[in-house]
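Enquirer: Taken in sequence, the protein lines are chains A and B.
When we follow numbering that gives the first Met the number 0, the leftmost residue of the first sequence carries the number 0, and every step to the right adds one.
When we follow numbering that gives the first Met the number 0, the leftmost residue of the second sequence carries the number 0, and every step to the right adds one.
Source of the hints: derived by calculation from the structure; they are not laboratory data.
Note that the structure is a prediction, hence the values are computed from the model and not measured.
Keep in mind that a hint or two might mislead.
[Stated by the list, open to error] Below, in silico cross-link-like pairs of lysine-lysine (PhoX-like), each with a Cα-Cα straight-line distance of 20 angstroms or less:
1. A:172 <-> B:172
2. B:199 <-> B:214
3. B:199 <-> A:199
4. B:76 <-> A:172
5. B:66 <-> A:199
2 protein chains.
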Amino acid sequence: MSEMIWFNGEVLPLAEARIGVEDRGFQFADGVYEVIRFYNGRTFTLSEHLDRLTRSCEGIRLAMPLKKQELMREIGKFIEKSPVREGMIYLQITRGPAPRNHIFAPSRPTVLFYARPLPPVAPAGTAEGLKLISQNDERWQRCWIKSIALLPNVLAKNAAVSAGCDEAVFVEKGIVTECSASNFFAVAGGKVLTHPVGPKVLPGITRLVLMDLCKQLDVPFVERAISEAECLAADEVFITSTTREIGWVARWNDRQIGNGSCGVITRKIHGAYQKLVTERTQ
Amino acid sequence: MSEMIWFNGEVLPLAEARIGVEDRGFQFADGVYEVIRFYNGRTFTLSEHLDRLTRSCEGIRLAMPLKKQELMREIGKFIEKSPVREGMIYLQITRGPAPRNHIFAPSRPTVLFYARPLPPVAPAGTAEGLKLISQNDERWQRCWIKSIALLPNVLAKNAAVSAGCDEAVFVEKGIVTECSASNFFAVAGGKVLTHPVGPKVLPGITRLVLMDLCKQLDVPFVERAISEAECLAADEVFITSTTREIGWVARWNDRQIGNGSCGVITRKIHGAYQKLVTERTQ
Chain A
0 MSEMIWFNGE VLPLAEARIG VEDRGFQFAD GVYEVIRFYN GRTFTLSEHL
50 DRLTRSCEGI RLAMPLKKQE LMREIGKFIE KSPVREGMIY LQITRGPAPR
100 NHIFAPSRPT VLFYARPLPP VAPAGTAEGL KLISQNDERW QRCWIKSIAL
150 LPNVLAKNAA VSAGCDEAVF VEKGIVTECS ASNFFAVAGG KVLTHPVGPK
200 VLPGITRLVL MDLCKQLDVP FVERAISEAE CLAADEVFIT STTREIGWVA
250 RWNDRQIGNG SCGVITRKIH GAYQKLVTER TQ
Chain B
0 MSEMIWFNGE VLPLAEARIG VEDRGFQFAD GVYEVIRFYN GRTFTLSEHL
50 DRLTRSCEGI RLAMPLKKQE LMREIGKFIE KSPVREGMIY LQITRGPAPR
100 NHIFAPSRPT VLFYARPLPP VAPAGTAEGL KLISQNDERW QRCWIKSIAL
150 LPNVLAKNAA VSAGCDEAVF VEKGIVTECS ASNFFAVAGG KVLTHPVGPK
200 VLPGITRLVL MDLCKQLDVP FVERAISEAE CLAADEVFIT STTREIGWVA
250 RWNDRQIGNG SCGVITRKIH GAYQKLVTER TQ
C-alpha cells in the first residue's frame, strides 16, 4: 500500500501530492509546521500541538485555514485508516501559491499532513547516550514560531553530524538556548534548568509536558538563562523532542557529562513521561 | 502562449512544473536563489549573479548542480525563445527531494528558472520617492547567503506595507544594515555610505556595480556601520536591487529625507547605472 497524504482536503498517495513552484512555502519559507507523535494509533498531546500551530500562524500573519476541531477530526480519521500504528504526523501549512512577491496577496493556503512510522523509543535510561556539540546561535529572533525557515537548524544539525555528534546545542554569548531540533535541559543540585521560551527557544510540547511531570514528581523546574560552562559541569543533561521524547546526553564537545551514564533525575522524568504516554494511548 | 520554465533540464509550461512535498526547499528552506535582470532580451551582470549563487551554494554545503558556463548557456537559450524582452529571471536551487530529516542524505537538487516581465524603471530621478520604515533586524547571521529562508524578510516587508510604506529598513542596535529586499545607502557630505557586506548584509550585485560607478564618477564610496540617526539626517538616501535599480527615498519613519526630492548624487549614480545598462544591452 502506498504512503498516503492529506493534501488540501483530499487523501491521495504521497507521491501524487505536488506543489507549484510558486507556492510561498517553496520560494519564501512562508509557512509553519508541527510534528505530532502517535502511539498505538492514538495521538499524544494533539491539542497542545494544534494550539502551538495556531500561535505560529498568528506569528506569520496567516489565518488558520481549518479550525482546530476540524483538523483534529481529520487527523483522527487519517490515522484510523493508516497502516502505521507507531509514528508521527508531519503537518505543514504554507501561505499557498501566488506570483512571486514578498508582499502578501490573496492566496489559498496549502495544508497537508502525512504519517511516518517511527521505531519505539527505548525505555527510560536504556538508550545509548547522545553526543552534543556547541554551535553559535545564529538564528533569527522569533524561534518561538515553528516556521519552515529551518535552514539555520539544518546547517547546525549537519555540522554536528559531520563532527560525529548527534545534535547541535545553540549557544548565544555563552548562554545555552536550545538544540537544532530539540529543547535543552541541565540538571544541577537536583533541579531541572532550562532557558525560558521566547526569541531563541521554541515552546516545545514535550518541554510543556515535562514541566507538569516535574511538579508531580516534586523536582524543581527552573526557567532561566544558563551558561555553557554551568551546563558542562551539570550532573545531568538531556534534550527533548516529540519524536525522541527524552534523550540523555553522555558527551558534549568531547567532554563527559556527569558520570557518563543516564542520570537518576533524567531516568525518573522519562519513566514518568512514558507512563503518561501509556496511560493516554494504550 | 503559456509562461515557460526551465525545470531540471526540461523546458515546460510553468503550471506543469510540480514539486514533491518532501522537496527540502519546501520543508526546510534548504535552497538558494537569484534574481537576474534582463533588458532588451539581454541579461545584465549574469556572471556576477552566478558567482554569488556559487558562494550561496557553498554557504549551505550544496554542490552546484550545473557548472556556471552551462547555466549561462541555458539561461541565454531560454531568454532567446522567451517572448519576454524586459524582465527578470528567477532562479532557484534546492537540495531536492528526500524523506524528511534535518540530516543531509543523497538527493538530486531541484534546479529551475523562469522569466517574468518587469515594467521599465523610470529614468534616474523621475520616479516618485520611496517611503521607508525601520524594523528591528531579527534575521539570522548569515544574510550574505541568498537563501530561500525569506520569512523574516517577508514579515518585515509586509509590516512596512501595512504601515503605508514601500520598504522596511533593518536596524540592529541603532545600526542600519540593509532593507528587506534591497541594499541601503545614505549620502552625506558628498560621500556614499553603506554597511559592509557580511552577517547582516547581502553582497548585492547592483551594490557591486555601484561601487565601480562611484569610483568612475569620483564619488567617495565608504563602507562602514552607519547609525539610524546619522541616516535620518543624511542629505540623500537610496536603496538598490536588481529589479528596482536605484530607488531614491523621500520619507523614512514619516520624516522627510533631505529636501524631499531626488538628490543630485543619487540621480547622477542612477544615470550612470542606466547608461551602463544601455551600453551593455542595447
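Enquirer: Quick one: which hint numbers does this structure break? Sort them smallest to largest.
Expert: 2, 4, 5
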